[in-house]
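**Q** Chains A and B, in that order, are what the protein sequence lines are. First residue of the first sequence? That's 1 in full-length UniProt numbering, and the numbers climb one at a time after it. First residue of the second sequence? That's 1 in full-length UniProt numbering, and the numbers climb one at a time after it.
In short, the hints are calculated from the structure, not lab data. One or more hints might be untrue.
For the chain A half of the interface with chain B, some residues (derived, Cβ under 8 Å), not all of them [claimed, not checked]: (1) Arg121; (2) Gly124; (3) Ile191; (4) Pro251; (5) Leu256; (6) Asp298; (7) Ile323.
Glycine included, every Cβ here is placed at the ideal spot set by N, Cα and C.
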Amino acid sequence: MPEPVLSLGDLQVRFRSNRHVLRAVDGVGFDLMAGQTLGLVGESGCGKSVTSLAIMRLLPTPPAEIAGGRIIFEGKDLLQLSERRMRQLRGGRIGMIFQEPMTSLNPVYTCGDQIIESLRRHSGLSGKPARDRAIELLDLVGLPSPERRVDDYPHQLSGGQRQRVMIALALANDPAVLIADEPTTALDVTIQSQILDLLRELQERTGTAILMITHDLGVVAETCQAVAVMYAGTVVERGEVGALFADPQHPYTIGLMAAVPRMDTDRGRLVAIPGSVPPPWQPIAGCRFASRCPLADDRCRRDRPPLDAIAPGHEVACWKAPIDGDRP
Amino acid sequence: MTTPLLTVEGLTKHFPVRRGILRRQVGTVQAVTDVSFALQPGETLAVVGESGCGKSTLGRAILRLHEPSAGRVRLRDTDITALDRPQLRAARRHMQIIFQDPFGSLNPRMTVRETLAEPLLLHGLATPRSVRAEVDRLIELCELSRWHAERYPHEFSGGQRQRVGIARALATRPALIVCDEPVSALDVSVQAQIVNLLQDLQRELGIAYVFISHDLGVVRHIATRVAVMYLGRIVEEAATEALFARPRHPYTRTLIASAPRPDPTAARHRVPVRGGTPSAMALPSGCAFHPRCPLAIDRCRTERPELRRVGQSRAACHLAETVEDNAISAVSADSPALLRRLAILEQARAAAT
Chain A
1 MPEPVLSLGD LQVRFRSNRH VLRAVDGVGF DLMAGQTLGL VGESGCGKSV TSLAIMRLLP
61 TPPAEIAGGR IIFEGKDLLQ LSERRMRQLR GGRIGMIFQE PMTSLNPVYT CGDQIIESLR
121 RHSGLSGKPA RDRAIELLDL VGLPSPERRV DDYPHQLSGG QRQRVMIALA LANDPAVLIA
181 DEPTTALDVT IQSQILDLLR ELQERTGTAI LMITHDLGVV AETCQAVAVM YAGTVVERGE
241 VGALFADPQH PYTIGLMAAV PRMDTDRGRL VAIPGSVPPP WQPIAGCRFA SRCPLADDRC
301 RRDRPPLDAI APGHEVACWK APIDGDRP
Chain B
1 MTTPLLTVEG LTKHFPVRRG ILRRQVGTVQ AVTDVSFALQ PGETLAVVGE SGCGKSTLGR
61 AILRLHEPSA GRVRLRDTDI TALDRPQLRA ARRHMQIIFQ DPFGSLNPRM TVRETLAEPL
121 LLHGLATPRS VRAEVDRLIE LCELSRWHAE RYPHEFSGGQ RQRVGIARAL ATRPALIVCD
181 EPVSALDVSV QAQIVNLLQD LQRELGIAYV FISHDLGVVR HIATRVAVMY LGRIVEEAAT
241 EALFARPRHP YTRTLIASAP RPDPTAARHR VPVRGGTPSA MALPSGCAFH PRCPLAIDRC
301 RTERPELRRV GQSRAACHLA ETVEDNAISA VSADSPALLR RLAILEQARA AAT
């Protein structure tokens, strides 16, 4: 049985403002297996990015508050670690890449300096060996003429090249987990496909597990083995990618898949999901999707459905599932 | 053949690049070069391409929000490029624009009602007496609620704000709307609502769209024809079906093959494409795509291919005849379970209303 390298259980993140308590993440759990890519997919405000920031313990507290749950990484609960230990993990055993690399790279240091700094901090490398390793990493991520580019500042690179540098930086210390938060959203499609190919290649070579946070079902289909669909702070469905796309169970997952305009099928009119996500300060007793679900009944509005197995390795949080038959 | 609604001939927009205290011109950004096409009433022409390809500049040059450097734009019988300012202002009634983020184009101090009333009164399309009813009609048309009219832009979600942007564009009953990435900032479930609204409005009112987008999925859905731009020029133009079934330009093939598809069973057959888009200040010789093109031959490096008729399409490629068929060879279908369950949800939704 393969071990999860990162395991979240019942994570609760709240934000307190003067007037409201916002439940941004309300009971999220999943297992990221070694060497696998897990997609965390959902629309804006579903809590996917807050989840990733909670894993890295990068949420400002206050206003954020981790109200419960656990984040087990290599046998330790990250929520219990000291800030000093966390700092060793970030950029060390856990790498991160973000949507806009320009804001996460330091504009006053060269790309090489930033990688060397990380190597010095986490792997104790310095001097020529560190510089050589930095060039090797830039070469690994496919940056052209890395021995010259190593001395470039971030603003001298294109968006795609900056994302490559960001990936080199994230992979510098052989992380066990790479958290990629919308890594290709700001890029053009031809560059996006280059970066996705690169992540796949690197994963095959290094065995790093990737947590892929995205709003794009296409990115999930192309890069992930497992997926968790989030809605309004909860996971509504999770499973192996093939099963989830072939056999979507939750009305939200079904609606999301039907709403994507595709260039490879001709469906006629797009099917929109009427209504909008409930505001996060609104307390909801039952299913979060009930207000937009045509099948919702009193029970859905009253009791929150648990994530239940509907097939081996495929779970859904819906009282009505499967909506086209009886529960097996 | 009916007269086209919009005719664009040789439209060019070059921006001078100035440096230093003397503001001397040190170069030129060739944002749009020699673009020609015609658009029939009620038709949608999608303009696709990656950032910096000139698609937004083209949209603005058509409306003369950017003054074109050369070329002509005709709206029915009016030569837009020859109009003076007052005439242009009057002609704008017939051609409107919708932006990606309508927030930037909506006055934060005006309620939706005021925002929508302004163009109506300005163009004399309503009297102070009739304006209220006319605004209500626009609000209904864009599927907003009455009470939205008294609200301010910041009180709206992205999708609702885009509805306000569309309502404002519709106020003057235009024949043409340039849509500049109108759904790119929206979540997919909301994006589908707006795409459907645009299609419904076209069917009801016969508006033609120039639909600027980078998303081929949306384009396939909404467009009758597609023009693909690369570094300021149209490299291919065809009816939507023809473009996806048989892309003639290697860049079109690359775009189609690069877009991630929400289907884990689809075979990956990417066309390897090197590097990124070159700067529009220093265009490559010959065909601008040749440094990245997997098929490039010597001729491509020296001689720029003209846009010419190839089968049902127009393409600017020396090798257009030899480019293989069908970029999406394995056309995938939605999973039967998805379609079955979707039908159940739709039925329940219809029964509830």
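**Q** So which of those numbered hints doesn't the model satisfy?
**A** As far as the earlier hints go, 1, 2 and 6 are violated by this structure, in ascending order.
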